[in-house]
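Chain order of the listed sequences is G and C.
All residue numbers for the first sequence refer to the numbering used here, where the first residue is 1 and numbers rise by one.
All residue numbers for the second sequence refer to the numbering used here, where the first residue is 97 and numbers rise by one.
Just so you know, these hints were derived from the structure itself, not from any lab.
As the structure is a computational prediction, the values presented were derived from the model and not from experiment.
Fair warning: there could be bad hints in the mix.
[What the hints assert, rightly or not] Which bits of chain C does chain G cover? Going by a derived footprint, with three or more residues having C-beta under 8 Å, they are: (1) 103-117; (2) 122-133; (3) 159-166; (4) 175-188; (5) 235-245; (6) 260-269.
[Stated by the list, open to error] The following label-pair restraints were derived from C-beta to C-beta distances: (7) G:Ala58 <-> C:Gly166: 42 to 52 Å; (8) G:Ala58 <-> C:Arg188: 53 to 63 Å; (9) G:Arg36 <-> C:Asp100: 18 to 28 Å; (10) G:Trp49 <-> C:Gly162: 35 to 45 Å; (11) G:Arg36 <-> C:Ser252: 27 to 37 Å; (12) G:Ile66 <-> C:Asp100: 54 to 64 Å; (13) C:Arg184 <-> G:Ala61: 49 to 59 Å; (14) G:Thr2 <-> C:Pro225: 40 to 50 Å; (15) G:Thr2 <-> C:Gly111: 52 to 62 Å; (16) C:Phe159 <-> G:Leu45: 18 to 28 Å; (17) G:Ala58 <-> C:Pro164: 38 to 48 Å.
[Stated by the list, open to error] Computed far set for chain C versus chain G, every beta-carbon distance over 10 Å: (18) Asp100; (19) Glu226; (20) Gln228.
Yeah, the Cβ is synthetic: ideal placement off N, Cα and C, and Gly gets one too.
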Amino acid sequence: MTDDRFIERLRNDAAALRYEPAPATLTRIRARIQERISRPTVAQLLAAWFRPLAATLAAVAVAAAIAVASLDTSENGFGDTSVEIVMAGDSYRVGE
Amino acid sequence: MDSDERALIERVQSGDTSAYDALVSHYLRKVVSIAWNIVRNAHDAEDLAQEAFVKAYQSIGRFRSGEPFGPWIYRIVTNLSLDLLKHRRRVRHEEISEQEQAPRRDEAHVAAISGEIAQRIDEALAELPEMQQVVARLNLIEQFEHREIAAMTGISEGTVRSHLSLARTKLKEKLADLYD
Numbered sequence: 001m002t003d004d005r006f007i008e009r010l011r012n013d014a015a016a017l018r019y020e021p022a023p024a025t026l027t028r029i030r031a032r033i034q035e036r037i038s039r040p041t042v043a044q045l046l047a048a049w050f051r052p053l054a055a056t057l058a059a060v061a062v063a064a065a066i067a068v069a070s071l072d073t074s075e076n077g078f079g080d081t082s083v084e085i086v087m088a089g090d091s092y093r094v095g096e
Numbered sequence: 097m098d099s100d101e102r103a104l105i106e107r108v109q110s111g112d113t114s115a116y117d118a119l120v121s122h123y124l125r126k127v128v129s130i131a132w133n134i135v136r137n138a139h140d141a142e143d144l145a146q147e148a149f150v151k152a153y154q155s156i157g158r159f160r161s162g163e164p165f166g167p168w169i170y171r172i173v174t175n176l177s178l179d180l181l182k183h184r185r186r187v188r189h190e191e192i193s194e195q196e197q198a199p200r201r202d203e204a205h206v207a208a209i210s211g212e213i214a215q216r217i218d219e220a221l222a223e224l225p226e227m228q229q230v231v232a233r234l235n236l237i238e239q240f241e242h243r244e245i246a247a248m249t250g251i252s253e254g255t256v257r258s259h260l261s262l263a264r265t266k267l268k269e270k271l272a273d274l275y276d
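Excised from the complex, chain G in its bound form:
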């Protein structure tokens, strides 16, 4: 028998050795794959934890910055609404 003929027949007969998993097995593997790829990764879990924490910290920081700024404003006298008038060497304060 020639080599080509031998290989051709061998291939035909060897096709019976192909592994055919049962449909239930295939369904089980697909379910396991879906379960694993849908599961959040460690990075996603950490992000889910840290995102609200970071948002809270940012809100606190903004509130603190606004509070400090308004405190500074009142200490610098910008809140004073009186007007000083100088007339003939004398000064008069109006409004407070």
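Fit chain C to the supplied structure of chain G, relying on the hints for placement.
This is chain C only, laid out in the frame that chain G set:
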């Protein structure tokens, strides 16, 4: 690659896990069969197929658009299966070789072999050296071409041809009574 597959891959890349199930469903049977033909154990083959698809999913972002998915997933499962063979070899080395290790076969393996001729071929293949056996099984049973086997296993096409040529000679000797 057909446009359906390209569309599925793009959907997976944008985070659609249900699109991945369609890809898995299309390739799973072949992927399990490749793994089984290398590791010769149904349970391991199923685990390897699962692992290969999860690994492919995790790096789908790096998958080049327009490339077919098949060769990629076949390469991943082949690499994982060859790694398992290497691991088994290492474990076997570490074991005390007083008892001869039984070949890793299972009931599914026996059930898969229908007919006396197929059984004889399987036994003849099992007697080949490891890499010759892997290459011969991928070529004869899974019907992959030399070029595809080279891409899957990471060995050169010339080496694939050489393994196949040696395997063919040995198989012809062992199965002479069947094919004369």
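Okay, the hints, checked on the actual structure:
1. 103-117: Coverage by chain G holds here, the residue count being 3 at a Cβ distance below 8 Å.
2. 122-133: With 6 residues in contact (Cβ-Cβ under 8 Å with chain G), the coverage given for the region 122-133 of chain C holds.
3. 159-166: violated (count 0)
4. 175-188: violated (count 0)
5. 235-245: holds (count 4)
6. 260-269: holds (count 3)
7. G:Ala58 <-> C:Gly166: 42 to 52 Å: Since alanine 58 (chain G) and glycine 166 (chain C) have Cβ atoms about 48 Å apart, the given range 42 to 52 Å holds.
8. G:Ala58 <-> C:Arg188: 53 to 63 Å: holds, 58 Å
9. G:Arg36 <-> C:Asp100: 18 to 28 Å: Taking Cβ atoms as reference, arginine 36 (chain G) and aspartate 100 (chain C) lie about 24 Å apart, which means the hint holds.
10. G:Trp49 <-> C:Gly162: 35 to 45 Å: Because 38 Å falls inside the window, the suggested range holds.
11. G:Arg36 <-> C:Ser252: 27 to 37 Å: At roughly 34 Å between Cβ atoms, serine 252 (chain C) and arginine 36 (chain G) fall inside 27 to 37 Å, so the hint holds.
12. G:Ile66 <-> C:Asp100: 54 to 64 Å: holds, 56 Å
13. C:Arg184 <-> G:Ala61: 49 to 59 Å: Hint holds: Cβ distance 57 Å, inside 49 to 59 Å.
14. G:Thr2 <-> C:Pro225: 40 to 50 Å: violated, 25 Å
15. G:Thr2 <-> C:Gly111: 52 to 62 Å: holds, 55 Å
16. C:Phe159 <-> G:Leu45: 18 to 28 Å: Because 25 Å falls inside the window, the suggested range holds.
17. G:Ala58 <-> C:Pro164: 38 to 48 Å: holds, 46 Å
18. Asp100: holds, 18 Å
19. Glu226: holds, 17 Å
20. Gln228: Since the minimum Cβ distance to chain G is about 14 Å, glutamine 228 (chain C) lies beyond 10 Å and the statement holds.
Consistency note: the structure conflicts with the earlier hints numbered 3, 4, 14.
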